[in-house]
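Novice: Using numbering that gives the first Met the number 0, the letters of the sequence shown map in sequence onto residues 0 to 197.
Worth flagging that the hints you see were computed from the coordinates, not collected in a lab. Treat the hints with caution; some may be incorrect.
What the hints assert, rightly or not - Have a look at the derived ranges for each label pair, beta carbon to beta carbon: (1) Glu-167 - Ser-41: 41 to 49 Å; (2) Glu-134 - Asp-104: 13 to 21 Å; (3) Leu-97 - Ser-180: 25 to 33 Å; (4) Pro-131 - Gly-181: 34 to 42 Å.
Stated by the list, open to error - Calculated pairs, DMTMM-like style, for lysine to aspartate or glutamate (alpha carbon to alpha carbon, straight line, at most 25 Å): (5) Lys-45 - Asp-166; (6) Lys-70 - Asp-187; (7) Lys-67 - Asp-182; (8) Lys-148 - Glu-26; (9) Lys-88 - Asp-55; (10) Lys-39 - Glu-153; (11) Lys-39 - Glu-127.
Quantities reported herein were computed from a predicted structural model and do not represent experimental measurements. We treat Cβ as the ideally placed atom computed from N, Cα and C, and that holds for glycine.
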Amino acid sequence: MNLLLSLLVVSALHSAPAVPPEPVPRELTALKASLARTQKLSARFKQTRHWTALQDALVSEGSIQYQKGGKLVWHTEPPAENELILEGKTVTIRYPGLGTTQTLDTSADPGMAKVFECITAVLQADLERLQPLFELSIERKAPLGLALKPRTKELSQVIQGIRLSFDEKLRLTHIVLEESSGDRTEIDFHGHVMEESK
0 MNLLLSLLVV
10 SALHSAPAVP
20 PEPVPRELTA
30 LKASLARTQK
40 LSARFKQTRH
50 WTALQDALVS
60 EGSIQYQKGG
70 KLVWHTEPPA
80 ENELILEGKT
90 VTIRYPGLGT
100 TQTLDTSADP
110 GMAKVFECIT
120 AVLQADLERL
130 QPLFELSIER
140 KAPLGLALKP
150 RTKELSQVIQ
160 GIRLSFDEKL
170 RLTHIVLEES
180 SGDRTEIDFH
190 GHVMEESK
């Protein structure tokens, strides 16, 4: 959830017009094809949040589920249990321990819609939605590693960069979000279960 909150801030601060996307590098054709075939995906995650002001890191674990067409469920397990559900233009945030649920309709707020579009684009490694906001470079061809650098001054005031790592089957296995403040969030994904179209 910390990565998601960081991306909320990033997107909210991103007020400059988007840069027209460049063509996705041909080296990423296989990744694009894999993403296009993915109908459903679930995985476990371990998220580690490092703050420059604190010596200890905050570690949380949970699961993520994605269904093509727009449903994303990010569930963080106790002790800080929460669940973020993105479905169409509706965002639901649940805190079971507190017995509270908040629902947002992003169609009433285009800025908020953009925030959640950015979140899902990072988690889905959707290159075409990320390219207007970030410069994309290939750090490693096998297994694939990508670096995203903010295109605008507004975005770079919050985010220094994002790194995405994939395994040999082009499944997202690691995200590193480096903030300009020096704080860093790392998310490791494992136990992927995918359903692909034929």
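Novice: What are the numbers of the hints that this structure violates, sorted from low to high?
Specialist: Checked against the structure, the hints that fail are numbers 1, 2, 4, 7, 9 and 10, while the rest are satisfied.
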